[in-house]
Every structure is written in C-alpha cells, then in structure tokens.
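Using the sequences and the hints, build the whole thing.
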Amino acid sequence: MDGYSQTPQKERLETLRLLMPEVFDEGHIDWEKLKAALGENVNFANERYVLNWAGKSEAFRVMQQPSTATLVPCREESVDFDNTQNVFIEGENMEVLKVLQRSYFRKVKMIYIDPPYNTGSDSFIYPDKFSESKEEYLRRVGDKNEEGYMTRDGMFRKNAKENGQYHSNWLNMMMPRLYLAKSLLREDGVIFISIDDNEVHNLRLLMNEIFGEENFVAQLIWERAYAPKNDAKYISNSHDYILMYSKQIENFKIGRLARTEEANSRYSNPDNDPRGVWKPSDLSVKTYTPDNDYPITTPSGRIVEPPAGRCWRLSRNSFRERLQDNRIWFGAEGDSVPCIKRFLTELKFEGMAPTSILFYKEVGHSQEGAKEVTKLLDAGAFDSPKPVRLLKRLLTLANLDKDSIIFDFFAGSGTTAHAVMQLNEEDKSNRKFICVQLPELCEEKSEAYKAGYKTIAEISKERIRRAGTKIRKEIEMEQAKQKGQLSFDEEQTVTMPDLGVKVFKLSDSNFKQWRDIKGSDKEEWQQQILDFLDPVTENATIDNMVYELLLKSGKDLNSVIEQKEDYYLINGNELILMLESATQDVVNSVLAEHPDKVIALDRLFEGNDQLKTNTVLQMRDAGIEFKTI
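Residues in the sequence shown are numbered consecutively from 283, following the numbering used here.
Quick caveat, the hints were computed from the structure, so don't treat them as lab data.
One or more hints might be untrue.
What the hints assert, rightly or not - Below are the EDC-like pairs computed for lysine to aspartate or glutamate, each with C-alpha atoms no more than 16 Å apart in a straight line:
no. : residue 1 : residue 2
1   : K684      : E650
2   : K755      : E708
3   : K674      : E644
4   : K674      : E650
Said to hold, decoys possible - Quick list of the computed label-pair ranges, beta carbon to beta carbon:
no. : residue 1 : residue 2 : range
5   : Q347      : N853      : 23 to 33 Å
6   : N855      : Y331      : 45 to 55 Å
7   : N334      : R299      : 17 to 27 Å
8   : V567      : K315      : 45 to 55 Å
9   : K630      : A733      : 27 to 37 Å
10  : Y331      : D903      : 56 to 66 Å
11  : S871      : R754      : 32 to 42 Å
12  : N870      : Q383      : 32 to 42 Å
13  : D903      : K752      : 53 to 63 Å
14  : K763      : A733      : 31 to 41 Å
15  : K909      : K763      : 54 to 64 Å
16  : N896      : N334      : 54 to 64 Å
All values reported here derive from a predicted model rather than from experimental measurement.
Ideal Cβ placement from N, Cα and C applies to all residues, glycine included.
Written as structure tokens, this is what we have:
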C-alpha cells in the first residue's frame, strides 16, 4: 500500500503477473520473455546460462577503480599494538579490500562474512564511488553530524522490496567485494557466507560465477532458532544458510570434527581382538553381482545366504582372506549372519565427517550469540550476532594451519575475532584475524546507543578488547588453580595466546600527489605542481607514512618495523624508508644494510641535486631499487 490510487495500468500488470510471473524481472516486464511465453518467434542473442542484472557493468567498473587510500594506526584504541598480529580496520570494506590487495594477495586461509540479507527493511547501499574527492564524497553521502560521525542517511539507503532494482542493488553491493576477496584467498583457502532465503538463490549463482561452480563445497543449514514463532504468517523460519566455496577444490581439504563419546561408544571388542575396538558392518550390498552370491557356513554349521536381491560385498577369495585374518564376526554364539569388523584404529580419516546441518545444540543459536555480546559489554548492544560456537565450527571446517589468517570484512559485533582468540587458547595455536567494519551509526533507539556505543565499529572493537581480557583472566585463574595442585618441580610456565589487536582506520593518502584532483582549471593544476614540490600532507605523521609506504610496497600490517636513528627497517632488509633525514652519512648507513628497496622523501635532499644524483647512482650500483616521493 503506497497511498496512490489504483490505475488501469497497475491493474493490468497485476493481472499479468498472476498469470505469467515468469515474464517479470524485478517488477518490470521482460519483453523478450513475454514474446517467448506467447509463442512468438524470438531469437535470444548469444544464448547462454548467465546471471545478469541492472548495474552489473558499473559494479565491475567500481571494482576495477584503483584506490589511493591508506590505513593509519590507531594505537590508543589498540591492545598490545607492537606485538599482536591481530588486526581490526575501521572503514568502508570495499575500499579496505582494495588497500589490502598488494599486501595480502593469496595469503588468507579463510574468509567469513555475514553481509546484509536484503530483507527489504535493511539499509546497505554503500557509497562505492571512490574516484571522487573527499569533498565531493561528503556532499554526496551527507554531512557529518556535530560529533564528526557520518550520518546514517548519508551512508546508507533502505533497499525496500518496492524498489524496482531490489535484487540488483544487493548484487551490485556484493559482487565487487567478493571478487576482491577471492584474490586474497590462498589456493587452498575457503570462504563462508551467511545468508537467508531472501538472496540465497542469487548468491549461489553469483558465487558460481566468481568462484566457479566446481568449487562449491556445501550449502550449510544453521538452526538459528530453538523455538517456533507462533506469530509467523505462514512458516516459522528456524534456519539460515552458510554457503561454503573453496578457492581451488583440488587444493582444499575439509577439516573433520573431533570424535564424540557417542560415536566411539559404537565400537567395542567382544572377542578381545588385539587390534582394539571395532564395530560390525553389513556384509551384503544392494548392487547384485552373481559371483558374490554364494552360501556361507557359520561356525555353528548354519548355512547363510545373502538377503533376497542382494549379494555379499566380498568375493569368495576376499571373504576367505578376511575370515583367516579374524575380520569376520558371526556373533558371540557363532550362529549369526556374518559381518565385517571395522576397527577404530583403521579408519580412513581422522575425526568425524561434518554434516550439512548445523544444529543449535552443537553450534549455538542466535539468542546464545546475543547473550555472549550482552555479557561482555554489559548491555544488549547488537542485533542477531552469531554465536562463538558457530564460528568455531566453521574454523574447524576450514582446516586451518596453526598460524592461518582469517578475514572478516563484515565484522559486525566481532564474533569472528572472539572465536579465533578462543580457539587459539584451546588448541595453543597462533591464528590471526583481520576484521573490517564500517563506522555505521547505531540507531538512537537501540540498546547499543543507550549503552554509549555510537557506531557498530565501536561495538566490534570493545568486544574484541573485552573478549581478550576475559580469556586472559580465565587462563590466569586456571594457572593459579593448577599451581596450587603442583609441586615446585612440576610448575610450568604457560604461554599466553595472542589476545591483542592493532586498530587501523581507513584514511586518505598522506601524500598529496596520491590524492585525486578533479577538474582541469588553472588553479587545480597549479596545486598539483605544488603537491609534487612538497608531497606530504599537513597532518601526516611518520607513523602514518611508514604504514602507508609499507602497504603500497606489498608488506603486510604485521611487518617488523625497526626504527634506526635516521631511517626505518622493514622486515630486516626487505625495505628501508628514509623519512626524516638524507645526508651522505645516512645514505652510507642505508647502503650498509644491503636492502632490497629504499623509499625516500624527495624533500629531504633539500635541493642538493649532487647528493640525490650520487644516491641514485650508489643505490643502482649496489643493486638496490630506489624511489623518491
């Protein structure tokens, strides 16, 4: 109901929609489909199976637009910044994905995202035009409020189902981000995406296009609700989906679940076999083979035939071999139908095969996720967060190495980071997370806002900090408990997992020439010339410049940065940054380090062309790549 009166056109369209829904696409008639449905001789040009939508080409263009942005460290919001390898980035996720391309290309083992589900009431249309100036950007998306936060109306627009491009808008948001994310995955990497019924069909097709249908692993069903909603109009929906795709299926190996006591209880050893516990397996099969249809005489003398229409799974010779090896069981009395003994120690795979249904009893439900956030933050601060147990299950399925990188660019409440830290504590590993969250303003009526959290990013950061503190306290309490039970000689030092987080924020470049200048008038071109004379922005700090040049050189955010008196060493001698001084003595010191690459601020040479020329020649003679900014 939109408040407008009915029109003849609307009435006819609705009648046609009821009769022929297949000819409508996002609320509009597809005339070629209509002609085909009516039996007209229609030739579809370049017929092929393809997912297409309004704005797809523009989404590709936005994705391919390079970024000049950078990430600036925010030490005051971090925990153990100089030592931790965990990263949280506050900023628009597509721009961040672009910034990380060079540094994290094919380095991420697992990606998990929980994007907007396109329910018709959520707001998610991101401002994806990043080629414009900051001023243009701010004008387009809306001004900041009095406290400096971007207004919600500026950052987002509600994607209502009445919108003629309802599905297209969502696909335009998702497609470029997924393409960029794929390039960060290792060849044995895997991606998980939470979604519900609104877009699961389109997401499958989109993922098939980006990742390849052959790399589809599973469509997991998560039982997110433990009780039906009696006010449901039709069906009380109790589940969401999690799509799972590998980067290259031939390189991916699924992580198996730890065996449960219930599963192990199916094994026993009634005949005291020295090979250990076993369970019986049916000797007959449905697929009939005449050669495998033969009588078997039990130890008691009874003749046993295969069930009607079936045969034995073993040939006569194979059966005799198994019998001689004590791998055939006829029951305690030697009179039962024979079966094959399957030993626990001889299972082909370790652990248990995961199933496609994730029951809430095993991985938690949405209310459990909400309680976890509430308990940590002392307030109901987030809607429908995923439970930690669910993420730990996905981390297990991803078959992570002990030091794998896990990436979540729709971080939300920070469940992924929490799960990584908790799992590291449990199995003494050093996995690292990178989480990205837009500083989306919380609704003023929300519990989060009332609790003092202005943005979703603030919730994420605080949860990560508090989760780390909680895990640390639990470890210390367990240590204290064990210490009281051990003798002096038995006391052991327990190594703490990485419970810190380095916080970065998306920012414009620290260098003027890397910021886009729009237009072609005289003043703008004059400004561009001045930028090259003194390229460093007024608010640029040494710390910010170090991380920007590090990223633009393809080094990751956990690179080892060593500050010397007049320059900065990155990862030993991989890269040297000259940002404070350029004298012949400094150049000599840099040369003595034998670096692979050196970047220097051009202004440091202070117009001394002879020093700069000599530096260029010395670097070239030493086989060092040398660049100035």
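The hints, checked one at a time:
1. Of the supplied pair hints, the one linking K684 and E650 is violated, its CA atoms being roughly 27 Å apart against a limit of 16 Å.
2. With a CA separation close to 14 Å, the supplied pair K755 and E708 stays within the 16 Å bound.
3. Between K674 and E644 the alpha-carbon distance is near 11 Å, which keeps this suggested pair within the 16 Å criterion.
4. The suggested pairing of K674 with E650 holds, with an alpha-carbon distance near 14 Å, which does not exceed 16 Å.
5. In this structure the supplied range 23 to 33 Å holds for Q347 paired with N853, their Cβ-Cβ distance being about 30 Å.
6. The given range of 45 to 55 Å is respected by N855 and Y331, whose C-beta atoms sit roughly 52 Å from each other.
7. Taking 17 to 27 Å as the suggested C-beta distance range, the pair N334 and R299 conforms, at roughly 21 Å.
8. For the pair V567 and K315, the supplied restraint of 45 to 55 Å holds, since their beta-carbon distance comes to about 48 Å.
9. The hinted window of 27 to 37 Å between K630 and A733 is violated, with their beta carbons roughly 51 Å apart.
10. The supplied range of 56 to 66 Å is met by Y331 and D903, whose beta-carbon atoms lie about 58 Å from each other.
11. With their beta carbons about 40 Å apart, S871 and R754 fall inside the hinted range of 32 to 42 Å.
12. For the pair N870 and Q383, the supplied restraint of 32 to 42 Å holds, since their beta-carbon distance comes to about 35 Å.
13. Checked against the hint of 53 to 63 Å, the C-beta distance between D903 and K752 comes to roughly 56 Å, which is consistent with it.
14. Separated by about 33 Å at the C-beta atoms, K763 and A733 satisfy the suggested range of 31 to 41 Å.
15. A hinted range of 54 to 64 Å for the beta carbons of K909 and K763 is consistent with their spacing of about 56 Å.
16. Checked against the given bound of 54 to 64 Å, the beta carbons of N896 and N334, roughly 59 Å apart, stay inside it.
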